[in-house]
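In order, the protein sequences belong to chains A and B.
Reminder that position 73 of the first sequence reads as 141 in this note's numbering, one-by-one numbering, no gaps.
Reminder that position 122 of the second sequence reads as 360 in this note's numbering, one-by-one numbering, no gaps.
If you are wondering where the hints come from, they were derived from the structure by calculation, not from laboratory data.
No residue lacks a Cβ here, since even glycine has one placed at the ideal position from N, Cα and C.
One or more hints might be untrue.
Restricting the straight-line Cα-Cα distance to at most 27 Å, the calculated cross-link-like pairs of lysine-lysine (BS3-like) are [unchecked claim]:
id: 1; chain 1: A; residue 1: Lys364; chain 2: B; residue 2: Lys375
id: 2; chain 1: A; residue 1: Lys375; chain 2: A; residue 2: Lys456
id: 3; chain 1: A; residue 1: Lys94; chain 2: A; residue 2: Lys224
id: 4; chain 1: A; residue 1: Lys224; chain 2: A; residue 2: Lys375
id: 5; chain 1: A; residue 1: Lys402; chain 2: B; residue 2: Lys316
id: 6; chain 1: A; residue 1: Lys364; chain 2: A; residue 2: Lys378
id: 7; chain 1: A; residue 1: Lys456; chain 2: A; residue 2: Lys378
id: 8; chain 1: A; residue 1: Lys103; chain 2: A; residue 2: Lys91
id: 9; chain 1: B; residue 1: Lys316; chain 2: A; residue 2: Lys364
id: 10; chain 1: A; residue 1: Lys329; chain 2: B; residue 2: Lys375
id: 11; chain 1: A; residue 1: Lys246; chain 2: A; residue 2: Lys364
id: 12; chain 1: A; residue 1: Lys469; chain 2: A; residue 2: Lys246
id: 13; chain 1: A; residue 1: Lys456; chain 2: A; residue 2: Lys224
id: 14; chain 1: A; residue 1: Lys91; chain 2: A; residue 2: Lys246
id: 15; chain 1: B; residue 1: Lys316; chain 2: A; residue 2: Lys403
id: 16; chain 1: A; residue 1: Lys403; chain 2: A; residue 2: Lys224
id: 17; chain 1: A; residue 1: Lys456; chain 2: A; residue 2: Lys469
id: 18; chain 1: B; residue 1: Lys316; chain 2: A; residue 2: Lys329
id: 19; chain 1: A; residue 1: Lys92; chain 2: A; residue 2: Lys224
id: 20; chain 1: A; residue 1: Lys375; chain 2: A; residue 2: Lys364
id: 21; chain 1: B; residue 1: Lys316; chain 2: A; residue 2: Lys398
Reference excerpt, derived from the structure (chain B facing chain A, CB under 8 Å, subset only) [said to hold, decoys possible]:
id: 22; residue: Pro292
id: 23; residue: Thr300
id: 24; residue: Ile303
id: 25; residue: Arg318
id: 26; residue: Arg349
id: 27; residue: Ser361
id: 28; residue: Pro377
id: 29; residue: Leu380
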Amino acid sequence: MPSTAASRILEHYRPPFDATAVKKIKEMGGIVVGKTNMDEFGMGSTTEASAFQVTANPWDLTRVPGGSSGGSAAAVAARQCMVSLGSDTGGSVRQPASFCGVVGLKPTYGRVSRFGLMAYASSLDVIGCFGSTVADAGMLLHAVSGYDRFDSTSSKQDVPEFDTQFLSMDSFESKPLKGVRVGLIRETLEEGVDSGVRSATQEAASHLEALGCVVTEVSLPSFSLGLPAYYVIASSESSSNLSRYDGVRYGNQVMADELNKLYECSRGQGFGGEVKMRILMGTYALSAGYYDAYYKRAQQVRTLIRKDFKAALDHNDILISPAAPSAAYKIGEKKDDPLAMYAGDIMTVNVNLAGLPAIVLPCGLVEGGPSGLPVGLQMIGAAFDEEKLLKVGHIFEQTLKGSGFVPPTLPNVA
Amino acid sequence: MATRALLAVVTASPPRMIQIKASTFSSSLKFQRHITTIARSFSSDTNPSVLQPPDVSRLAETARISLTPSEIEECGAKIRQVIDWFGQLQQVDVSSVEPAIRAEMEGGNLREDAPETFENRESIRASIPSFDEVYLKVPKVLNKE
Numbered sequence: 069m070p071s072t073a074a075s076r077i078l079e080h081y082r083p084p085f086d087a088t089a090v091k092k093i094k095e096m097g098g099i100v101v102g103k104t105n106m107d108e109f110g111m112g113s114t115t116e117a118s119a120f121q122v123t124a125n126p127w128d129l130t131r132v133p134g135g136s137s138g139g140s141a142a143a144v145a146a147r148q149c150m151v152s153l154g155s156d157t158g159g160s161v162r163q164p165a166s167f168c169g170v171v172g173l174k175p176t177y178g179r180v181s182r183f184g185l186m187a188y189a190s191s192l193d194v195i196g197c198f199g200s201t202v203a204d205a206g207m208l209l210h211a212v213s214g215y216d217r218f219d220s221t222s223s224k225q226d227v228p229e230f231d232t233q234f235l236s237m238d239s240f241e242s243k244p245l246k247g248v249r250v251g252l253i254r255e256t257l258e259e260g261v262d263s264g265v266r267s268a269t270q271e272a273a274s275h276l277e278a279l280g281c282v283v284t285e286v287s288l289p290s291f292s293l294g295l296p297a298y299y300v301i302a303s304s305e306s307s308s309n310l311s312r313y314d315g316v317r318y319g320n321q322v323m324a325d326e327l328n329k330l331y332e333c334s335r336g337q338g339f340g341g342e343v344k345m346r347i348l349m350g351t352y353a354l355s356a357g358y359y360d361a362y363y364k365r366a367q368q369v370r371t372l373i374r375k376d377f378k379a380a381l382d383h384n385d386i387l388i389s390p391a392a393p394s395a396a397y398k399i400g401e402k403k404d405d406p407l408a409m410y411a412g413d414i415m416t417v418n419v420n421l422a423g424l425p426a427i428v429l430p431c432g433l434v435e436g437g438p439s440g441l442p443v444g445l446q447m448i449g450a451a452f453d454e455e456k457l458l459k460v461g462h463i464f465e466q467t468l469k470g471s472g473f474v475p476p477t478l479p480n481v482a
Numbered sequence: 239m240a241t242r243a244l245l246a247v248v249t250a251s252p253p254r255m256i257q258i259k260a261s262t263f264s265s266s267l268k269f270q271r272h273i274t275t276i277a278r279s280f281s282s283d284t285n286p287s288v289l290q291p292p293d294v295s296r297l298a299e300t301a302r303i304s305l306t307p308s309e310i311e312e313c314g315a316k317i318r319q320v321i322d323w324f325g326q327l328q329q330v331d332v333s334s335v336e337p338a339i340r341a342e343m344e345g346g347n348l349r350e351d352a353p354e355t356f357e358n359r360e361s362i363r364a365s366i367p368s369f370d371e372v373y374l375k376v377p378k379v380l381n382k383e
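From just these sequences and the hints, can you work out the full model?
Put into structure tokens, the structure is as follows:
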């Protein structure tokens with residue numbers, strides 16, 4: 069099966085092996101229906117940076133599905149498949165899940181083997197799961213989790229039975245989440261977040277309270293630093309990881325009369341604009357004399373962020389926030405303004421920096437499109453505590469009255 | 239006429255993915271490792287005012303990416319904007335904060351460094367753009383400074 073990372077440089081590439089996650093799915097009898105569209109090499113938040121096509125949001129075909137795993141989110145939303153895999157480096161599973169009204173699950177760093185995942189930023193990348201329900205996403209996670217000797221960063225922690233804990237609604241007590249301590253991250257409801265998103269999040273918090281949770285506000289003082297720290301780390305690591313795409317052993321080669329020219333032309337013509345930009349930013353941040361000022365400093369900020377999360381999770385079972393500051397925006401709206409696009413990642417990047425698990429599930433609709441646009445609630449857990457996230461998420465979802473979050477573009481879907 | 243050269247370009251990132259072992263190919267083909275872009279200085283306390291703005295052409299050369307003049311201009315403006323924005327990290331007090339290479343991890347999950355023959359060598363060979371039985375063909379390397 070062709071694997072291109074949505075890049076021209078890998079246009080005709082057929083990998084000689086399956087990723088461990090895919091291998092596990094096949095071994096369990098899973099049917100791989102196909103591959104989906106994405107932002108090139110995972111760099112983007114809209115799927116507009118694909119070298120091949122732009123994916124439309126099933127809720128409104130003039131809007132983006134989110135990114136970088138926009139195709140995988142849209143495919144599940146449009147019921148083209150039951151579940152799908154994506155990768156989440158700075159929110160690339162959770163944000164499209166929010167934009168497309170599906171469940172997006174980001175596991176703890178190390179929970180799922182990265183062997184066979186084309187690397188973008190090695191200290192941040194994880195493989196994530198999409199499903200139309202929390203139970204489906206949980207089942208997929210269970211199938212792909214576990215230690216892998218081919219990934220030295222994969223964890224030997226036991227994989228709990230994520231797939232069997234989903235009780236049916238009839239067996240819920242009246243306050244099924246009694247005593248669960250929920251921390252609502254204060255910094256995620258400040259200026260810059262759409263009012264529709266803010267109200268949907270507040271309503272979700274009230275719903276959790278009705279289920280028995282104790283919801284309090286928490287503060288993560290280092291919160292706003294996550295975005296620049298993330299982009300420094302991600303571009304730096306990607307400049308290194310993408311140096312392997314040189315046209316020599318695989319991928320599109322542009323012949324030249326001299327080796328450096330071969331590299332330059334193969335990469336210059338094979339990579340899209342956003343990819344080139346991030347590689348160059350990373351090259352700059354890692355250059356002699358600049359490493360301390362940028363990369364090392366960003367790593368130090370990462371330590372501060374981890375500490376803040378740990379402190380908050382010492383007093384709470386889960387933390388909640390919106391998944392994105394807005395619902396899906398129009399195709400082309402942010403294409404030429406990199407900082408505006410990066411700003412949309414504010415809710416998600418810190419979780420990658422801290423390596424924690426998180427799930428996004430649809431919690432409401434805001435105005436826009438033919439029937440409104442979905443908005444997702446993000447729940448963040450302690451390291452390796454996916455079980456709790458799935459339990460809370462499942463109960464939240466099953467007790468949410470009203471919409472089943474099916475896009476209007478679908479004809480007759482149960 | 240293209241001369242034969244032996245090479246692999248490799249990343250400086252922490253080890254985590256399988257590398258196709260050299261012994262899976264015929265012994266006359268060796269992969270040489272050659273660090274491309276990263277040169278780190280370990281000077282402490284880099285004075286932010288000493289940081290020069292990005293020279294996009296020079297960076298492109300270092301990263302082995304060719305850019306058209308219009309790309310240099312367009313890309314350059316965006317890059318400068320983002321790098322300026324990175325500057326806010328300089329305001330953070332990080333004295334006595336340890337850098338975190340990645341999220342907290344159990345260490346040392348390394349497997350034995352024993353070569354294994356990869357079973358699908360044909361597929362690897364099929365992906366090589368210029369292959370001349372046993373050698374990957376590339377053009378000559380000029381001696382640059």
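Right, here's what the structure says about each hint:
no. : hint                : in the structure
1   : Lys364/A x Lys375/B : violated (38 Å)
2   : Lys375/A x Lys456/A : holds (21 Å)
3   : Lys94/A x Lys224/A  : holds (22 Å)
4   : Lys224/A x Lys375/A : holds (23 Å)
5   : Lys402/A x Lys316/B : holds (13 Å)
6   : Lys364/A x Lys378/A : holds (21 Å)
7   : Lys456/A x Lys378/A : holds (16 Å)
8   : Lys103/A x Lys91/A  : holds (15 Å)
9   : Lys316/B x Lys364/A : holds (23 Å)
10  : Lys329/A x Lys375/B : holds (14 Å)
11  : Lys246/A x Lys364/A : violated (43 Å)
12  : Lys469/A x Lys246/A : holds (19 Å)
13  : Lys456/A x Lys224/A : holds (19 Å)
14  : Lys91/A x Lys246/A  : violated (39 Å)
15  : Lys316/B x Lys403/A : holds (12 Å)
16  : Lys403/A x Lys224/A : violated (41 Å)
17  : Lys456/A x Lys469/A : holds (22 Å)
18  : Lys316/B x Lys329/A : holds (25 Å)
19  : Lys92/A x Lys224/A  : holds (17 Å)
20  : Lys375/A x Lys364/A : holds (17 Å)
21  : Lys316/B x Lys398/A : holds (21 Å)
22  : Pro292              : holds (5 Å)
23  : Thr300              : holds (5 Å)
24  : Ile303              : holds (5 Å)
25  : Arg318              : violated (10 Å)
26  : Arg349              : holds (5 Å)
27  : Ser361              : holds (3 Å)
28  : Pro377              : holds (5 Å)
29  : Leu380              : holds (5 Å)
Checked against the numbered hints above, the structure violates hints 1, 11, 14, 16, 25; every other hint is satisfied.
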